[in-house]
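Student: The residues making up each chain are set out below.
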Amino acid sequence: MDFLQPSTWDDALAAKAAHPDAVPIAGGTDVMVELNFDRRRPPALLDLTRVAPLTEWGTDGDMLRVGAGVSYRRIIEELGSKLPGLAMASRTVGSPQIRNRGTVGGNLGSASPAGDAHPPLLASGALVELASVRGTRRVPVDAFFLGPKRSVLEPDELIAAFLVRPGGVEQFAKVGTRNAMVIAVCSFALSLSREARRVGTGIGSAAPTPIRALEAEEFLAASLDWEARGPVPPSVARRFGELVAAAAAPIDDVRGTAAYRSHALSVLARRTLAWAWKGMA
Amino acid sequence: MTTVETQVISGVGTSPKRPDGGLKVRGEFAFSSDLWADDMLWGATLRSPHPHARIRGIDITAAVALPGVYAVLTQEDVPGAKRYGLEIADQPVLAMDEVRYQGEPVAVVAADHPETARRAAARIAVDYEVLPAVTEASLGVLLRHVPVRAGDPAAKADVVVTGEYQVGMQDQAFLGPESGLAVPAEDGGIDLYVATQWLHVDQKQVAECLGLPADKVRLSLAGVGGAFGAREDLSMQVHASLLALHTGRPVKMVYGREESFFGHVHRHPAKMWYEHGATRDGKLVYVKAKIVLDGGAYASSSTAVAANAATLGIGPYEVPNVVMDASVYYTNNPPCGAMRGFGAVQACFAYESQMDKLALELGLDPVEVRLRNAMTTGSRMPTGQIVEGPAPVASLLTRVRSFPPPPSSSGDLREMPGGVSNTTHGEGVVRGIGYGIGIKNVAFSEGFDDYATARVRLEVIGGEPAVLVHTAAAEVGQGLVTVQAQIARTELGVERVTVATADTSVGSAAPPSPPRQTTRTGAAVGAARQAVRTELLARVGGARLDGGKVLSESGTVVADLAASIGDEPIEKTVEWRHRPTYPLDPVTGQGNAHVQYAFAAHRATVDVDLDLGLVRVVEIVTAQDVGKAVNPLAVEGQIHGGTAQGLGLALMEEIQIVDGVVRNPSFTDYLIPTILDMPPMKVDILEMADPHSPYGLRGVGEPPTISSTPAIVAAIRAATGKALTRVPVRPEHIVE
Ligand SMILES: Cc1cc2nc3c(=O)[nH]c(=O)nc-3n(C[C@H](O)[C@H](O)[C@H](O)COP(=O)(O)OP(=O)(O)OC[C@H]3O[C@@H](n4cnc5c(N)ncnc54)[C@H](O)[C@@H]3O)c2cc1C
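So the sequences go chain by chain: H and W. Going left to right, the first sequence walks through residues 1 to 281 as this note's numbering numbers them. Going left to right, the second sequence walks through residues 282 to 1017 as this note's numbering numbers them.
For the record, the hints were derived by calculation from the structure and aren't laboratory data. Keep in mind that this is a model prediction, so the values were computed, not measured. We put the beta carbon where it would ideally sit given N, CA and C, even for glycine. Misleading hints may appear alongside valid ones.
Here are some, though not all, of the chain W residues that point toward chain H, as calculated from beta-carbon distances under 10 Å [claimed, not checked]:
| id | residue |
| --- | --- |
| 1 | T679 |
| 2 | S683 |
| 3 | T704 |
| 4 | L895 |
| 5 | T955 |
With a cut-off of at most 20 Å between alpha-carbon atoms, the simulated SDA-like pairs for lysine to any residue come out as follows [unchecked claim]:
| id | chain 1 | residue 1 | chain 2 | residue 2 |
| --- | --- | --- | --- | --- |
| 6 | W | K830 | W | T782 |
| 7 | W | K1003 | H | T257 |
| 8 | H | K278 | W | K298 |
| 9 | H | K278 | W | V942 |
| 10 | W | K305 | W | R538 |
| 11 | H | K149 | W | T949 |
| 12 | W | K638 | W | T949 |
| 13 | W | K564 | W | G432 |
| 14 | W | K305 | W | L914 |
| 15 | H | K278 | W | G432 |
| 16 | W | K571 | W | H706 |
| 17 | H | K278 | W | H706 |
| 18 | W | K853 | W | T782 |
| 19 | W | K305 | H | K278 |
| 20 | H | K149 | W | G774 |
| 21 | W | K564 | W | R653 |
| 22 | W | K298 | W | A311 |
| 23 | W | K569 | W | G444 |
| 24 | W | K497 | W | H481 |
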């Protein structure tokens, strides 16, 4: 197996173009597990940890642009106030060791329906920046996932960064059968933006890909009392929960039943709504 | 490759540091998977993907052709006995004409690289004719039925509660997967360095399968990363030895985590039907119970597990009339055998659930109903055996009850059900408290000749008296090395104690699986010490030993200890046996089958999110009678660990099997408790010396595993009002 170690972004893109079947490795917390289980035998690994720009974040217009190689730990410590939903999700990822190494770019690269970074990125309407020697494109995150562990990423492309417009009031909640270090049975992210009167949602582990609950978003955006910020009527919260659950297409598996997932999503939707609305002070 | 641990150590009742403690914490401890020989080969195992199939043929051509492969062996290459087993030799070393569970070893490979060995194994073409799998215990072939009958089988009672309970298949989930190194010896024998629990029983089985006399199969204990019963059966021992003898090269085998799930036996899943009859004031009149255990494909220690379930299956209560039937069946599920608690765990979940149900029916406090039926010294077990040692059942219960309740949650997310996953800020959270108490036999039962051998040598090294202790008892993480040294020092008053690595050059020590290693091997060490001491005192005409001096009756110094030993070391080897036990009557289940009983009680406090079914255990209080805490810190560690394992069974640990196929053979989906799941514990240790046991010792490791599970489930029931008849409890059981 070859081990490619570019130290600049251009070299990385060139290496990926020259070796489209090389598997990029960032934190390695998914890649090494796959190698260990013999699920893949790539001809080459493309180590991205020496490419400095991937580990940087900054602004791009009114958006925040975060390099694909920024670890969960740094998201919690450096971006906790700017990207609160993603930081909450990051706090639930694995253990401290995994959060030190694991990256959002790697989460997107794996495109698992259970990836914890995905629901908050969906809820906040993030863009994923993909690059190759052919050029750069920005894909809305809800158009990024194609199926379980499949995305629009082309064989010669790398994930450069993701971009989010900060300022939403955000929440994230994840159900697992133990209190730490657990893959989501299901998860839910919510983002409320007062200026735009926008409601964003993200559902994890309850469909073949991470998804938004579009009908629930529209319903809630139209039902909330944005102006006076009066309390959310229980009937609205309940309906919102039902619509979130209805958007999911869960299955029965070792981690939980479809029925439980639907039920839990409606509970998480109601609770995160109450917390976020309270946070709109 | 013999290592020795020398330490200056204090005597019985203190908590000196363990020699392996710092090494393990720093990641420097040499586990059996770290063994190395310069010219060694790596072994790999091909396992059946099917729970049941006929083998029509095995073609190894493609595997042998791979460069770097030195041997590919099938059952035809097993020179001695083709089957082995702890109780019944029914398990093939390598599958013969049939595979009976998913993961059964079919062929083994040795190659110059582990990857090459694995690839070669994958190239072996096995022609399977897949057969229907029996995966429901009651439809399987009966392996053993243990009836126990006491009093009047037709007894009637005013208040009757019935229930059906289930326990899922738990894994020992030890940290160090199966591994070892087999080195061919010049005499045609084999030197095997292996992580195991029971060197001499391994030795016997390995020798039989290799067709070698026992003295040509020498085993040494390599660094063990936990056992909990899973290392009583053989795993890679014969395979690595076969490959080593075949290639003339040392062969190392190390299972990965996934393979480990297929490499050892598990806790028996159980289905249990119970009927309790009581008077209106809560005195038990009768218990009728049927316990069905899934033994899986091979016998392992199933027959003993069934006996434990039957004889301990009504709990630490006085019940005049008992009709108990425990049965274990062969199926095409993974084989089940020894695991911490050994048959007592499953039954305890059922009888304690029943005691709570009875309390509810009678409007009594759950502790009160237990107190009214608590067994004491002199009580008669349903087997007719009289409980002779201390049986502080009532006292353990009142002790755990009397601890103040834990404070309510501070609001920190880590204290909420769901933890930092942020599922509740208090919404839907209800607190519950539950109790559980269990009974466990200590040491082997039903007439098994259970003995331990220790050799103790007292000599002068560099002018100082020194003691060498040598046993075949396995340090599997329980702190045995330290305890042996402590017992040694207590007897001889010598500071410098060395415990040699366990191997088969001294006599047998029973495995540390039922918690008895301290008891039995400790007793043997103590007795060997006494023999050494007696000889020494006789040599110089002294009466006692103190501070490196031999003293007379009146306390005057007779001689210096080192001088008394001189250049004539004293060495004694002693075999220590428990009181004998007897078989159970096959029809009535009567008989003094057990040596000793041990008890622990738990109080669990939980917070449950009623809407999501998530649980956080807030606090666990335990009271346990340990007879004598030789090393109090180690005792507490055993109680914490056992309780955590019981918490795992209550809330998350289950090998999920569908049609004989394991769905979650990895720590991604076989969940064990993390530090955020295991709450702070309050531990109340009672020391009520057992008159029949050296130093009054009683086994420590198992009782806390037994009663923590029902206590936690009782607490969840108290919070939710749900029946919860199956463990592990899943969120969907709570929100249903
Ligand atoms: C013990 C453990 C616990 C875990 N717990 C969780 C959890 O709670 N929640 C969760 O969501 N995940 C969890 N994971 C999975 C994993 O940690 C995450 O998916 C993490 O985000 C992966 O990031 P990484 O940098 O380690 O990715 P890698 O393993 O390096 O890569 C993952 C994938 O992304 C690709 N990739 C990486 N970077 C790029 C790039 N810049 N461009 C293109 N492709 C790229 C790789 O080729 C690979 O396919 C856990 C893993 C382990 C081992």
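Student: It remains to establish, for every hint, whether it holds in the given structure.
Tutor: Status of the hints after comparison with the structure:
Because the closest C-beta pair between T679(W) and chain H is about 31 Å apart, greater than 10 Å, the hint is violated. Given hint, S683(W) at the interface with chain H, is violated; its Cβ is 28 Å from that chain's nearest Cβ, farther than 10 Å. Taking 10 Å as the C-beta cut-off, the interface hint given for T704(W) holds, the closest approach to chain H being about 5 Å. Given the 10 Å rule on beta carbons, the hint for L895(W) holds: about 7 Å separates it from the nearest Cβ of chain H.
Interface restraint check: T955(W) against chain H, minimum CB-CB distance 5 Å, threshold 10 Å, status holds. Simply put, K830(W) and T782(W) have alpha-carbon atoms about 29 Å apart, too far for the 20 Å limit, and the pair is violated. Straight-line distance between C-alpha atoms of K1003(W) and T257(H) comes to about 19 Å, which keeps the hinted pair within the 20 Å bound. Pair hint K278(H) plus K298(W) does not hold up; C-alpha atoms about 52 Å apart against a cutoff of 20 Å.
For the suggested pair K278(H) and V942(W), the alpha carbons sit about 48 Å apart, so the restraint of at most 20 Å is broken. Straight-line distance between C-alpha atoms of K305(W) and R538(W) comes to about 19 Å, which keeps the hinted pair within the 20 Å bound. For the given pair, K149(H) sits about 17 Å from T949(W) by alpha-carbon distance, which is consistent with the 20 Å threshold. For the proposed pair K638(W) and T949(W), the alpha carbon gap of about 35 Å is over 20 Å, so the pair is violated.
This hinted pair checks out: K564(W) and G432(W) have alpha carbons roughly 15 Å apart, not beyond 20 Å. A threshold of 20 Å between alpha carbons decides the hint, and for K305(W) with L914(W) the separation of about 17 Å falls inside it, so the pair holds. At roughly 66 Å between alpha-carbon atoms, K278(H) and G432(W) are farther apart than 20 Å, so this suggested pair is violated. Our distance criterion of 20 Å between C-alpha atoms is broken by K571(W) and H706(W), whose separation comes to about 43 Å.
Between the alpha carbons of K278(H) and H706(W) the distance comes to roughly 13 Å, so the proposed pair stays at or under 20 Å and holds. Between K853(W) and T782(W) the CA atoms are separated by roughly 18 Å; this keeps the pair inside 20 Å, and the hint holds. A distance of roughly 48 Å separates the Cα atoms of K305(W) and K278(H); the hinted pair therefore is violated under the 20 Å criterion. Straight-line distance between C-alpha atoms of K149(H) and G774(W) comes to about 66 Å, which puts the hinted pair past the 20 Å bound.
Taking the CA atoms of K564(W) and R653(W), the gap is near 6 Å; set against the 20 Å cutoff, the hint holds. For the given pair, K298(W) sits about 18 Å from A311(W) by alpha-carbon distance, which is consistent with the 20 Å threshold. A threshold of 20 Å between alpha carbons decides the hint, and for K569(W) with G444(W) the separation of about 11 Å falls inside it, so the pair holds. Between K497(W) and H481(W) the CA atoms are separated by roughly 13 Å; this keeps the pair inside 20 Å, and the hint holds.
The earlier numbered hints that this structure contradicts are 1, 2, 6, 8, 9, 12, 15, 16, 19, 20.
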